[in-house]
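Trainee: Here are the chains, one letter per residue:
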Amino acid sequence: MLALAPDTSSQRAAAGLGGASPWSCWGASGDLVWGSCAGSGKDPYQVAVDLAGPAYRCSCPSRKFPCKHALGLLLNWADGRVPEQTEPAGYAAAWRASRSARLSAATAKTEPPQTATVKDAAAAARRSQQRAHRVAAGLAELQMWLCDQIRAGLSALPDTDRHQHAEQIAARMVDAQAPGVANALRRLSPIPVSGDGWPGRLLAGYAQLHLLARAYDHLGVLPPGLRAVVRSRVGFVVSREDVLASPPVSDRWLVLAVRDVDEPPIPARRIWLRGRDTGRFALLVLYAALGNFGGVTDATLTPGTELDADLHYYPGQPPLRAVIGSRRAKVATAAPPEAAGDVTTVLSSWAAALGQDPWLIEWPALLAGTPVQAGDRWHLADPSGAALPLLGLEPPWRLLAVSGGHPVTVAGEWSQGGLTALTVWHGDQAVPL
Amino acid sequence: MSYADLVAAATVGVARRPVLVTGLAGPAAAHAGVLDRDDPAVAVLDAAALLVSSHRAGVLPGTGMTPPAPADPDTVPELPASAADLLERASVAGPDLLADLLATAAASGYRAPAPMLPALLDAAVKHPALRQAVATVLGARGRWLARHRADWRNAIEAVAPDVLDDPAVWDTGNRPERHAYLTMQRGRDRQAARDLLAASWSEETGDDRANLLAVLAEGLGPADEEFLERALDDPKATVRAAAQAMLARLPGSAFSRRAAQRAVPFLRVEPGGPQYRLVVSLPGGVDGAALRDGVVTTPPSPAIGARTWLLTQLIAAAPLTEWVTRSGLDPQRLVSLPVAEHLTAAVHAGWRLATIRQASPAWAEALLTAGVVAEAARRPPAAWPRDQHVAAVLPPSARAALATALLTGQTNLRAGFATAFVCPGPWPQSLADPLIALLEEAFATGHWSGSPEGLLRAAATRLPATGPDDYATALARMAMFDACPPYWRVQLRRAARDLALRRAFGEEIR
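Chains A and B supply the protein sequences, listed in that same order. Under my numbering, the first residue of the first sequence is numbered -19, with each subsequent residue one higher. Under my numbering, the first residue of the second sequence is numbered 69, with each subsequent residue one higher.
A couple of the hints might just be wrong.
Here chain A is said to cover these stretches of chain B; the calculated rule only asks that three of the stretch's residues, wherever they fall, bring their Cβ under 8 Å from a Cβ of chain A [said to hold, decoys possible]:
id	segment
1	121 to 127
2	130 to 142
DMTMM-like, lysine to aspartate or glutamate: derived pairs with alpha carbons at most 25 Å apart [claimed, not checked]:
id	chain 1	residue 1	chain 2	residue 2
3	B	Lys194	B	Asp164
4	B	Lys194	B	Glu245
5	B	Lys194	B	Glu521
6	B	Lys194	A	Glu374
7	A	Lys310	B	Glu245
8	B	Lys304	B	Glu293
Just some of the chain A residues that point at chain B, by a computed CB distance under 8 Å [unchecked claim]:
id	residue
9	Leu126
10	Arg131
11	Ala132
12	Gly133
13	Leu134
14	Leu137
15	Tyr186
16	Gln188
17	Ala331
18	His359
19	Gly384
20	His386
21	His406
22	Val411
Don't read these hints as lab results, they were simulated from the structure. Think of the CB as a built atom: it goes at the ideal place given N, C-alpha and C, for glycine as much as any other residue.
All chains, please: the whole structure from these sequences, using the hints.
Mentor: Here it is in structure tokens:
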């Protein structure tokens, strides 16, 4: 039983509640066990456990999951102290009802698609309605959680779960069908152990989630582009078929850079493209579902090659993520990009992009510059002397070797902290960094 | 309110210390009207969202960065991309193969492609044997890049120092620079270089003295004797050893005469009838002068008696010409003479040591051809220099001929393989063919004394990779012999792969 505890201190705490004394109004019926436990709060905590899951619910403010009250209740039940009842307590019954509704919705999602009928369309509309409600409820919960953090103070985080302080609320967001929010929470979960200045970084992360939740509250009145951004950041997925149905942008697309991101839950590859004629950037995101990119055709695109094809952008602004539609020619080695910008081009396009999507994390950069060392840090300085800090654990030796102290064309990802240089052109040759 | 104020409020907690969020800093100020007025926690989050967005969008570029002085333009072309791909594969395969391809590239007038330079410099740091080959393909760009990192710079300077023809280098330069300057001076004017070293001798550290004294080995002559003789009294052992090694190579030196006088009483050639023989007696001990000249009295192995070892030491120090002059016999004859009292190993060990010290090709050839001395088998290298060290005394051009003679004559195969091992590539066909034939025989029967790994590694980079004979196929075929042990198969396939890669590389750049 105690193996269910998240850590040893929970085990000790639960053992303390293993006696009958703090408990009242308890019972068990079928797979459901419930009880009220006197704690430090004004009202006793209401605890319920569904043995089939097992799943837990408790009104206490503990961040641990399951909390000591749920574990204590289980210990008592295992010792045969909890009496069988015919009817569960009101709160326990309500919790079980909402849980089974959620479970059946999840099951419905995995059911095989059937021929579209009016009835199915109606069912789909109902499901999407249900999801919208669930997401709204989840984001409301998120907003409360965020406010709770600000009220209690970031310094009040218990030492035991500083490195994963947002895991539980992230799990709730998965339940609420907002996986984009859940991933964002998981990314900021370890910030409290990330060294100096962490409160500033954590507050920034909270603020952006807060902004997203508030934007979702007003989804109906947002312009379509921004609405698509908000929905996508929350985690609504637009199907590939729907994207392919949107109007194509045809061009010769030069592969600027390829970056593998080994981020949970699935390793991904980002491929940055730029249209020869339109000058537009595009991003292909590929997932290695089986741990590698075998069988993913687009994964073979390498920097310096060119693809004559139709691209379809996902809804959202600025248009960036895309899928390849029909191809007109085989992928071939191509000339270096024309009209690489400078530091000002990168920063002003980034600022404009943030104006359209304030949650944007990375943005394509294509510029000419020279790697320069200043103190311990390396920068890419353009001919005007303006410079962007370069990210990376190692000094950019390969970039420096190709540059030789002269400006070179570099493609990469710009993000808040600096530029990740991914490709440099050595004469006509694209060299991955 | 600044972002720092918001962070402070959020860190403490607005429940513990209430705040009133008003007036935001920067561009966010215009939007302060949207802040939630009822709940301070929401207000903090609202304000933070505004400030974070404006900070993110308002990134300012760095300024005042001066780019490094650019690299000098290169006059030599970069390797073509197809050859560079092969070079990339070779760098994974191992340093020997990489060194060979780099040498081929340099000889054909190419330099390494810029994107490969960091990996090549890293390899030069890791494998000192690669440094020379890497240094030759760096070009102006590579030397420029190497100056950006201390480990790269040191690795390259160790083999290719930038020699500044400026006397100030001698006074102010670092160790490799001074060494390079002295070497240059020695090539120009032997005496001036020696005088330069003598003038600063008392101020040099022990390591510098040993390091710089070795420069005199180039163009060594009788004029250096006096200076070297004084170095025999140096407090630093490595300096004394360097002086002893050089004096031993001066046949007319007082050092050599002393050594000859010490050895002659214990080894003489006796014309007993038609058959000459070597008569040996064992020395009882030596004086302080012998110790000063570098005679080591402690045997390197407990299996060797102290007096036997002393005999070896005395012979090792004596000039080899002494035995030829006294007996009137050439080295070939001398090494074939029987030795009384089972002391063949002791005498031959002395000659082998002397051959290496005095760098005598005639004696090296005689000793390698003479065949095996059975008692020497268990001696450590200090008491029985290995065949390949003896063979290394021969000028590189003479090694292939001797190796071929030893391998085709089949009198002393072991010495033949050892000589081939120190023979620079590409091996002539006259050596490659008998070697392949012997390997074929060995792998067909599965009989080979010892491990062929070293020889196969050498073969992979030194068998000719051009011309009509495809030795890669020959090696790959041997790997399929039934009697070939699995471990050798791996070695053979690796050697065949390396050879094929060298051939492909050569074809790409020709």
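Trainee: Could you run down the list of hints and mark each one as holding or not?
Mentor: Verification of the supplied hints:
1. For the segment 121 to 127 of chain B, the assignment as covered by chain A holds, since 5 residues bring a beta-carbon within under 8 Å of that chain's beta-carbons and 3 suffice.
2. Evaluation of the coverage hint for the segment 130 to 142 of chain B: fulfilled, as 10 residues show C-beta separations to chain A shorter than 8 Å, against a requirement of three.
3. Only pairs whose Cα atoms come within 25 Å are accepted, and Lys194/B paired with Asp164/B is accepted, the gap being roughly 13 Å.
4. Proposed proximity of Lys194/B and Glu245/B is supported: the alpha carbons are some 22 Å apart, at most 25 Å.
5. Between Lys194/B and Glu521/B the CA atoms are separated by roughly 22 Å; this keeps the pair inside 25 Å, and the hint holds.
6. Straight-line distance between C-alpha atoms of Lys194/B and Glu374/A comes to about 18 Å, which keeps the hinted pair within the 25 Å bound.
7. Distance check on the hinted pair: Lys310/A and Glu245/B sit about 55 Å apart at the alpha-carbon level, beyond 25 Å; violated.
8. Distance hint between Lys304/B and Glu293/B is fulfilled; the C-alpha atoms sit about 19 Å from each other, no more than 25 Å.
9. Using the Cβ-Cβ criterion of 8 Å, the hint placing Leu126/A at the interface with chain B is satisfied: the shortest such distance is roughly 6 Å.
10. This hint holds: Arg131/A has a C-beta 4 Å from the nearest C-beta of chain B, less than the 8 Å allowed.
11. The criterion of a C-beta within 8 Å of any C-beta in chain B is met by Ala132/A, whose closest approach is roughly 5 Å, and the hint holds.
12. For Gly133/A, the suggested interface contact is upheld, since its CB lies about 2 Å from the closest CB of chain B, less than 8 Å.
13. Annotation: interface hint on Leu134/A holds; nearest CB of chain B at approximately 5 Å, less than 8 Å.
14. About 10 Å separates the beta-carbon of Leu137/A from the nearest beta-carbon of chain B, more than 8 Å, and the hint is not met.
15. The interface hint given for Tyr186/A is met, as the beta carbon of that residue sits about 6 Å from the closest beta carbon of chain B, less than 8 Å.
16. Here the hint on Gln188/A is kept, as its CB sits about 6 Å from the closest CB of chain B, short of 8 Å.
17. With its C-beta approaching chain B no nearer than about 4 Å, Ala331/A sits inside the 8 Å limit, and its interface hint holds.
18. Taking 8 Å as the C-beta contact cut-off toward chain B, the hint placing His359/A at the interface holds, the least distance being around 6 Å.
19. A least Cβ separation of about 4 Å between Gly384/A and chain B falls short of the 8 Å threshold, and the interface hint therefore holds.
20. Interface hint status for His386/A: upheld, as the beta-carbon distance to the closest one in chain B is roughly 5 Å, under 8 Å.
21. Restraint check, His406/A versus chain B: the minimum CB separation of about 6 Å is within 8 Å; hint holds.
22. With a cut of 8 Å, the hint placing Val411/A at the interface with chain B holds, because the nearest CB-to-CB distance is about 5 Å.
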